[in-house]
Amino acid sequence: MYKIVRKRELNPTVTQMEIEAPMVARKALPGQFIILRVSEEGERIPLTVAGCNKEEGTVKIIFQIVGSTTEQLNHKKEGEYIQDFVGPLGRATETEGRKRVCIVGGGVGNAIALPVAEEFHRLGANVTSIIGFRDKNLVILEDEFRACSDRVIMMTDDGSYGRHGNVTVPLKELLEAGETFDEVITIGPGIMMKFVVATVKPFNIPVTVSMNPIMIDGTGMCGGCRLTLNQNGKKVTKFACVDGPDFNGYEVDFDEAMSRGRMYFDFERHAHEATCNLYKKA
Amino acid sequence: MAINPKKHEMPSQDPKVRAHNFNEVTLGYAMQVAVEEAQRCLNCKNSPCVSGCPVNISIPEFIARIKESDFEGAYQVISRSSSLPAVCGRVCPQESQCESKCTLGVKFEPVGIGRLERFVADWHNANSKEQPVMPKQNGHKVAVVGSGPSGLTCAGDLAKKGYKVSVFEALHTAGGVLVYGIPEFRLPKAIVAKEVEGLKALGVDIETNVVIGKTLTIDELFEQGYEAVFVGSGAGLPKFMGIEGEALKGVYSANEFLTRSNLMKAYRDVVDTPIMKGGKVVVVGGGNVAMDAARTALRLGAEVTIVYRRSMAELPARREEVEHAEEEGIVFRLLNNPTKILGYNNPENPRDPKNGFVTGIECIRMELGEPDAKGRRRPIEVPGSEFTLECDTVIMALGTSPNPLIKDTTKGLEVNDHGGIIVNEDALTSRQGVYAGGDAVTGAATVILAMGAGKNAARAIDEYLMGEER
Numbered sequence: 001m002y003k004i005v006r007k008r009e010l011n012p013t014v015t016q017m018e019i020e021a022p023m024v025a026r027k028a029l030p031g032q033f034i035i036l037r038v039s040e041e042g043e044r045i046p047l048t049v050a051g052c053n054k055e056e057g058t059v060k061i062i063f064q065i066v067g068s069t070t071e072q073l074n075h076k077k078e079g080e081y082i083q084d085f086v087g088p089l090g091r092a093t094e095t096e097g098r099k100r101v102c103i104v105g106g107g108v109g110n111a112i113a114l115p116v117a118e119e120f121h122r123l124g125a126n127v128t129s130i131i132g133f134r135d136k137n138l139v140i141l142e143d144e145f146r147a148c149s150d151r152v153i154m155m156t157d158d159g160s161y162g163r164h165g166n167v168t169v170p171l172k173e174l175l176e177a178g179e180t181f182d183e184v185i186t187i188g189p190g191i192m193m194k195f196v197v198a199t200v201k202p203f204n205i206p207v208t209v210s211m212n213p214i215m216i217d218g219t220g221m222c223g224g225c226r227l228t229l230n231q232n233g234k235k236v237t238k239f240a241c242v243d244g245p246d247f248n249g250y251e252v253d254f255d256e257a258m259s260r261g262r263m264y265f266d267f268e269r270h271a272h273e274a275t276c277n278l279y280k281k282a
Numbered sequence: 001m002a003i004n005p006k007k008h009e010m011p012s013q014d015p016k017v018r019a020h021n022f023n024e025v026t027l028g029y030a031m032q033v034a035v036e037e038a039q040r041c042l043n044c045k046n047s048p049c050v051s052g053c054p055v056n057i058s059i060p061e062f063i064a065r066i067k068e069s070d071f072e073g074a075y076q077v078i079s080r081s082s083s084l085p086a087v088c089g090r091v092c093p094q095e096s097q098c099e100s101k102c103t104l105g106v107k108f109e110p111v112g113i114g115r116l117e118r119f120v121a122d123w124h125n126a127n128s129k130e131q132p133v134m135p136k137q138n139g140h141k142v143a144v145v146g147s148g149p150s151g152l153t154c155a156g157d158l159a160k161k162g163y164k165v166s167v168f169e170a171l172h173t174a175g176g177v178l179v180y181g182i183p184e185f186r187l188p189k190a191i192v193a194k195e196v197e198g199l200k201a202l203g204v205d206i207e208t209n210v211v212i213g214k215t216l217t218i219d220e221l222f223e224q225g226y227e228a229v230f231v232g233s234g235a236g237l238p239k240f241m242g243i244e245g246e247a248l249k250g251v252y253s254a255n256e257f258l259t260r261s262n263l264m265k266a267y268r269d270v271v272d273t274p275i276m277k278g279g280k281v282v283v284v285g286g287g288n289v290a291m292d293a294a295r296t297a298l299r300l301g302a303e304v305t306i307v308y309r310r311s312m313a314e315l316p317a318r319r320e321e322v323e324h325a326e327e328e329g330i331v332f333r334l335l336n337n338p339t340k341i342l343g344y345n346n347p348e349n350p351r352d353p354k355n356g357f358v359t360g361i362e363c364i365r366m367e368l369g370e371p372d373a374k375g376r377r378r379p380i381e382v383p384g385s386e387f388t389l390e391c392d393t394v395i396m397a398l399g400t401s402p403n404p405l406i407k408d409t410t411k412g413l414e415v416n417d418h419g420g421i422i423v424n425e426d427a428l429t430s431r432q433g434v435y436a437g438g439d440a441v442t443g444a445a446t447v448i449l450a451m452g453a454g455k456n457a458a459r460a461i462d463e464y465l466m467g468e469e470r
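Those sequence lines, one after another, are chains W and C. All letters in the first sequence, in the order written, are residues 1 to 282 by the numbering used here. All letters in the second sequence, in the order written, are residues 1 to 470 by the numbering used here.
A portion of the hints provided could be inaccurate.
Claimed, not checked - Result set (DSS-like, lysine-lysine): computed pairs, CA atoms no more than 25 Å apart in a straight line: (1) Lys200(C) / Lys189(C); (2) Lys340(C) / Lys238(W); (3) Lys340(C) / Lys234(W); (4) Lys235(W) / Lys340(C); (5) Lys238(W) / Lys411(C); (6) Lys189(C) / Lys277(C); (7) Lys265(C) / Lys76(W); (8) Lys77(W) / Lys3(W); (9) Lys354(C) / Lys194(W); (10) Lys234(W) / Lys189(C); (11) Lys239(C) / Lys235(W); (12) Lys239(C) / Lys238(W); (13) Lys238(W) / Lys407(C).
None of these hints come from the bench; they were simulated from the model.
Modelling step: build the complete structure from the supplied sequences, incorporating the hints.
In structure tokens:
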């Protein structure tokens, strides 16, 4: 069992928890993920590590309440325990040799983008962060991004905070104005990452994307997290749990990945409703 | 007394009933039947059956005890050689091992050795009051990576010799393939849990949720004071065919489908893990894993077809599993090979929720040609014979390739072209103090072979550490 040491609501649908897991905290690097199970009947879900405190032995996770499992997790209180917590899994984000980077995050993906931005900042790179949200109420981690970025461009879809529009708008402006980066790193919904890749492509800058497919074991056994890469005209199957979760954005088949992500859409919607009804009754 | 030419039949659930539940298919011998079956054993001098057993159980000796109704005595004989008799009595391919060498089998059906082993183990589990005694500790620490059959066996053997053993398991439950791979109806999980409890009583620590190669590396295990490490991390990533449509929704690897049902219990309504239930399911492959996936899908309410590119004679699954599958109503389409998986696509509406789901599988008929290097006749496509099977789910059961996590994080650990860890006859890898066995070495094989490897490694580790002491 793993203790929830601290819990904080970042916005009405996004929660941050710090979980006591010293073995994971000692090892976790930006870009890696953990798998947790809330209860004995629970499913295994992957969540990217949002930071860790090695001295205290805690790992920070940030999750959006989208389904039954995240709903159950959100009902856990500070001081309570979750059943299982394993990691760190996957490969860490590559940082070597990057002097100027642009981090493009969307929604709850910003929670994962932040430790990557912090790591680049720590290594002395120049960091531009373009962070997008649906509206002002959903903005998270703004202060933290400002603390580790040389420049922050805040975007909201409805213009209620920062600039109006999606993240590709300022990205394109910067690139067209002659701005150069060693790498663009994008983390967020599949459709956003797909368009970030398309935006950067004409400028010949490497783009790394962080994929978040359906997973079970997360250790290279079940193959559920497979995705297709187009490498020099050849289709190659890769597994996000052991080969990723970071991939070369130019190679990823986003349409396929997004479609696969919706495999249990109906099941999840019903399960979430059922869970919400249970909590209402209680 | 004339010898009964046939084995005593194994009582089992009616196929029509069991096709709708996950309870164990076979029910085990009653006491009297076990004694009568034991009496078929000729107790021949040269005991050829023992040479057919990968862990060399003293078979005629335990059968002799059954004849005398000394069932606990029989159990003690088996447990000298095997750590997991209740498991092996159920999942070992006895027909190609011990029973294939049985003298009685020359003229009649061989002695039902596997059924007797299972009877003895179940009798012990139900009746024995004896608590395992923690052996005297010898002060040496050994780490075991993975809690599948090879790891559990290695841990058990070392613990009995007085070693302090820690088993590291990546998943949340111990048992490895016995838990995530083999279904409840073939191997009840309570039996696996009981075996694991038995090891704990011997002083073995089981640390779940630790991924060696990630949470800890092998080098760190040595830093923590472990003097030897056994790697039994099992098989790895599932293979796919590389045909069009394998990324469609509704295409599973057998590993994923079975893990959802067995480990995550998706067949029970109260759990959170989803699985595609019902409809029409096509399973591709002919091994034991394909049979397990097919029979699981059937129990989840599906009409199931197995597609295999060779004929019944080449089907690698155990005969008993194939017969069970046929009895339960699974259709075998042999000498057929998939060429592409078809999916729904509404060109009018890209947001149609049915888009991207499997609708069928296109196959081509095959004929058997000349034998290949292994002597199996090679299947050849019959040009123009493509046809389509309608289905909602496709399960690919084509084997696995070794897991890269340990290889990638352990300097100096040599692997072969297939990614399997290279070991010598003493299960020693290219790294001092690091031993390996089971599927991580051989690629996908059987439970008993993995157990044999774990046993061999335990012996070698003992010699290595005790040799140092002397």
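Between the alpha carbons of Lys340(C) and Lys234(W), is the straight-line distance 25 Å or under?
17 Å, holds
CA of Lys238(W) to CA of Lys407(C), is that 25 Å or under?
18 Å, holds
Between the alpha carbons of Lys239(C) and Lys238(W), is the straight-line distance 25 Å or under?
11 Å, holds
Mind checking the alpha carbons of Lys354(C) and Lys194(W) for me, to see if they're no more than 25 Å apart?
22 Å, holds
Has the given pair, Lys235(W) with Lys340(C), been kept, meaning a C-alpha gap of at most 25 Å?
15 Å, holds
Does Lys235(W) lie within 25 Å of Lys239(C) when you go C-alpha to C-alpha?
15 Å, holds
Can you confirm whether the C-alpha distance between Lys234(W) and Lys189(C) stays at or below 25 Å?
Distance of about 43 Å is beyond 25 Å: violated.
Against the 25 Å threshold, does the CA-CA distance of Lys238(W) and Lys411(C) hold or violate the hint?
24 Å, holds
Hey, Lys189(C) versus Lys277(C), does the alpha-carbon distance stay inside 25 Å?
22 Å, holds
For the pair supplied as a hint, Lys265(C) and Lys76(W), confirm whether the alpha-carbon distance does not exceed 25 Å.
Roughly 23 Å separates the two Cα atoms, so the pair holds.
When you check the alpha-carbon spacing of Lys200(C) and Lys189(C), does it fall within 25 Å?
17 Å, holds
Pairwise hint evaluation, Lys238(W) against Lys340(C), where the allowed Cα distance is 25 Å at most:
Since the Cα atoms of Lys340(C) and Lys238(W) sit roughly 19 Å apart, the hinted pair holds (cutoff 25 Å).
Violated hints amount to a single one, hint 10; each of the other numbered hints is respected by the structure.
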